[in-house]
Amino acid sequence: MMKSNFVFVALRLRILLDTNLLISLHFVYKMAKLFLLLGGNLGDKEQIFSKARHRLQEELGAIIEVSSIYETEPWGFDCEDLFWNQVLVIETKLLPVEVLKFTKAIELELGRIRKAARYSSRLIDIDLLFYDDLVFHEPDLELPHPRMIDRRFVLEPLAEVAADFVHPVFKQSIIGLLEDCSDSLAVKRLID
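Mapping to my numbering: the sequence shown position 81 is 85, numbers consecutive.
A hint or two may mislead.
Only pairs whose alpha carbons sit at most 27 Å apart, straight line, appear in this in silico DSSO-like list of lysine-lysine [said to hold, decoys possible]: (1) Lys192 to Lys55; (2) Lys37 to Lys97; (3) Lys108 to Lys55; (4) Lys34 to Lys97; (5) Lys34 to Lys175; (6) Lys55 to Lys97; (7) Lys37 to Lys175; (8) Lys108 to Lys34; (9) Lys105 to Lys37; (10) Lys105 to Lys34.
Note that these hints are calculated values from the structure, not bench results.
Start from the sequences and build out the full structure, keeping to the hints where you can.
Below you can see the structure in the form of structure tokens.
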């Protein structure tokens with residue numbers, strides 16, 4: 005199991021007595037391993053995914069692993085256009101909320117238009133799956149991704165790059181979650 009992503013290296017407290025209280029915290033944290041899922045079913049998917057990988061590396065940090073691209077049926081709605089999905093593993097110094105801010109900005113930059121319907125066709129979708137083994141619940145962000153264990157289109161590419169990674173909530177490896185997944189939608193490996 006991975007250790008928590010924050011390692012406090014130095015802590016300095018400076019207290020000024022009187023009416024002023026100044027506390028300054030100086031800390032350094034290790035690089036976090038971030039797992040992202042790219043998805044999309046509209047436009048030139050090869051070009052959009054390439055641009056997304058480039059922009060993510062510019063903003064978040066080094067991409068250290070990339071799964072194959074998988075072609076998948078739409079999940080949660082009917083559509084003739086098949087999706088592409090790919091998992092990226094990135095080493096980042098950014099905090100999860102900062103990562104979310106950048107991924108949403110990159111989606112917009114690449115032409116993503118958010119619709120009222122949760123499940124719909126899109127040029128690009130960038131989902132945060134894991135941030136090390138952090139369990140995080142806020143209105144705009146949940147880690148690990150709360151619905152990933154029900155989706156073969158997430159688990160197949162994730163198992164390719166992190167088969168033995170243990171889900172911090174379900175305490176099961178990715179390959180184990182994939183074996184137990186009841187999602188029967190087709191997932192086809194396309195491109196290495």
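Structure-based check of each hint:
A hinted pair counts as satisfied when its Cα atoms are at most 27 Å apart, and Lys192 with Lys55 qualifies at roughly 22 Å. Between Lys37 and Lys97 the alpha-carbon distance is near 9 Å, which keeps this suggested pair within the 27 Å criterion. Simply put, Lys108 and Lys55 have alpha-carbon atoms about 14 Å apart, close enough for the 27 Å limit, and the pair holds. Our distance criterion of 27 Å between C-alpha atoms is met by Lys34 and Lys97, whose separation comes to about 7 Å.
With a C-alpha separation of about 23 Å, the suggested pair Lys34 and Lys175 falls inside the 27 Å cut-off, and the hint holds. Our distance criterion of 27 Å between C-alpha atoms is met by Lys55 and Lys97, whose separation comes to about 21 Å. For the hint pairing Lys37 with Lys175, the CA-to-CA distance comes to about 18 Å; that is within 27 Å, so the pair holds. Pair hint Lys108 plus Lys34 holds up; C-alpha atoms about 24 Å apart against a cutoff of 27 Å.
With a C-alpha separation of about 17 Å, the suggested pairing of Lys105 with Lys37 holds against the 27 Å cut-off. Pair hint Lys105 plus Lys34 holds up; C-alpha atoms about 20 Å apart against a cutoff of 27 Å.
Comparing the model with each numbered hint stated earlier shows that all of them hold.
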